[in-house]
Each structure stands twice: as structure tokens, then as C-alpha cells.
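Undergrad: Chains as they are written, first to last, in my numbering: chain A, 1 to 127; chain B, 1001 to 1127.
A few of these clues could be false.
[As the list claims (entries may be wrong)] Below, in silico cross-link-like pairs of lysine-lysine (DSS-like), each with a Cα-Cα straight-line distance of 30 Å or less:
no., chain 1, residue 1, chain 2, residue 2
1, A, Lys84, A, Lys41
2, B, Lys1084, A, Lys83
3, B, Lys1084, A, Lys41
4, A, Lys83, B, Lys1041
5, A, Lys84, B, Lys1083
6, B, Lys1084, B, Lys1041
7, B, Lys1083, B, Lys1041
8, B, Lys1041, A, Lys41
9, B, Lys1083, A, Lys41
10, A, Lys83, A, Lys41
11, B, Lys1084, A, Lys84
12, B, Lys1041, A, Lys84
No wet-lab data here; the hints were simulated from the structure.
2 protein chains.
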Amino acid sequence: MRELTVLDRSVLDRTPAVCCSPLAATGMSDEDAETTAAVFKALADPGRVRIMNLLANADAPVCVCDLTPELGLSQPTVSFHLKKLVQAGLLEREQRGVWAFYSMNREVLERLGTIFELEGARGGGRT
Amino acid sequence: MRELTVLDRSVLDRTPAVCCSPLAATGMSDEDAETTAAVFKALADPGRVRIMNLLANADAPVCVCDLTPELGLSQPTVSFHLKKLVQAGLLEREQRGVWAFYSMNREVLERLGTIFELEGARGGGRT
């Protein structure tokens, strides 16, 4: 069994992989490292980066039917990427009739913004 | 020719995969998406996240001989992870006698800190 003690269930339901401790956090546990790595893994594909980019610039949820032609990828590929991004908690999915609409989970993105922060890691040692 | 206007040459020489456009950047090119995904891929492993964490909290370059016992991974595994992180431009490697010492490329980390920023992407539409 994999350990997932870092997550509580209510978060797990929506955002299984989203945590995340800053890379510079003191006392990072193995579980923190695994959840942080899982988010990076979800984003480790150019198609997914482009999906995130398109949705970051959208004012409203975007239909999968509009994403697919924009990306120049096949519909199954786009659906696969979207599924992985939703599973990682980075996107939110909403069903409207026959189509699914996707939007960025901005709260999660803001939290991820702290990942690369180094302030405080060395007591103000930055130049 | 690939577009690499986001990089200046001096950085490019040392940091082949490090760019990076914010996910919310307008006009992200396919090449931008690829280089951004490459950085995420380099970090998409718990061992590498832990290496980054250890080095973020170090005041000086750390010997590979000290990293290996700290991580509880085999020496070849640690060396493989370190190589990938250096190739991505995230770490710097320095040979001192028989040992290699590693430190975080803080300039690159600071740049990566902008990846998840959403400000400006929608003209102040955040709540």
C-alpha cells in the first residue's frame, strides 16, 4: 500500500495530487515529496502545458469541443490529458449537456506558486 | 530555427531546458510548451524533489557522498537523478577532487517561480 497520509479525504476527492510544499520547505516528508512530484508529473507534457495555458487565458470554462481543434491533437489525446489534469486537481470539469467544460483551479494554482520560492529557506541568504 | 527568444545565450549554454514562460503567458509557442514541460519532467520524481529540497536548505554546495545516505537511495540512482537535474539547468555541479558537489541554481529557481503566476493573464479578473 502506498502511503497517502499527507492528504485528507475531502481534498483527496477533488485534488488527489495537489499539496504542495515549497521545494525549500524544511522538514519535507517522503509523502510531501511524492505529492509534489505527482503534480510535476501531471504537467510534464507539452500538450498539458498548452491546455493549462489556454485555460489560464480563458474568462470562462472552455468546452472540450473548442480545446481539441485549438491544440491540434486528437480528441482521445486531449481527453486523456484533461483527465490527468483533473485528477491532479489542476483543472475543474463541469458537464453541460453532452459536452464537458474545463476551467483552471485557480486556488490550486496560487498554492503551486509557492513551490519555487526560496525565501526563508536560508534565513534571507538570497542576493 | 526554433524560437528561443525567451532565453539569452549565456543562460542557454548552462541551462538547456530552463526557460520558462508562465503557464498564463499569452502567445505561448509550441517550443515554450516543450521547454516548460521538460522542466516539469525533470522534477516529476520524489527523489528529485527531495534532492531539490535538501539543496534548497543548504548554505553551500553539497557532496554527492553526503546526499546519498540522506536520501536512502542507491548511489547510481542518486547520480542519475542529479544528472537529470543538472541537464535541466536546475542544479550546478562542481568537481572537487574525487567528489562532485551540487548546488541549486537559484537564478533559475527564481525564474521558475513565475510559472504559476496568473496575474495579468485576464486583466485583473482574479477574485
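Undergrad: Compare the structure with each hint and give your call.
TA: So, going through the hints one by one against the coordinates:
1. For a cut-off of 30 Å, the pair hint linking Lys84 of chain A to Lys41 of chain A stands: about 10 Å separates their Cα positions.
2. For the hint pairing Lys1084 of chain B with Lys83 of chain A, the CA-to-CA distance comes to about 27 Å; that is within 30 Å, so the pair holds.
3. About 15 Å separates the Cα atoms of Lys1084 of chain B and Lys41 of chain A, which keeps this hinted pair within 30 Å; it holds.
4. Among the hinted pairs, Lys83 of chain A with Lys1041 of chain B is consistent with the structure: their alpha-carbon atoms are about 18 Å apart, no more than 30 Å.
5. Pair hint Lys84 of chain A plus Lys1083 of chain B holds up; C-alpha atoms about 27 Å apart against a cutoff of 30 Å.
6. Note on Lys1084 of chain B and Lys1041 of chain B: the hinted pairing holds, with a Cα-Cα distance of about 10 Å set against a maximum of 30 Å.
7. Between the alpha carbons of Lys1083 of chain B and Lys1041 of chain B the distance comes to roughly 13 Å, so the proposed pair stays at or under 30 Å and holds.
8. The suggested pairing of Lys1041 of chain B with Lys41 of chain A holds, with an alpha-carbon distance near 6 Å, which does not exceed 30 Å.
9. With a CA separation close to 18 Å, the supplied pair Lys1083 of chain B and Lys41 of chain A stays within the 30 Å bound.
10. Simply put, Lys83 of chain A and Lys41 of chain A have alpha-carbon atoms about 13 Å apart, close enough for the 30 Å limit, and the pair holds.
11. With a C-alpha separation of about 24 Å, the suggested pair Lys1084 of chain B and Lys84 of chain A falls inside the 30 Å cut-off, and the hint holds.
12. Only pairs whose Cα atoms come within 30 Å are accepted, and Lys1041 of chain B paired with Lys84 of chain A is accepted, the gap being roughly 15 Å.
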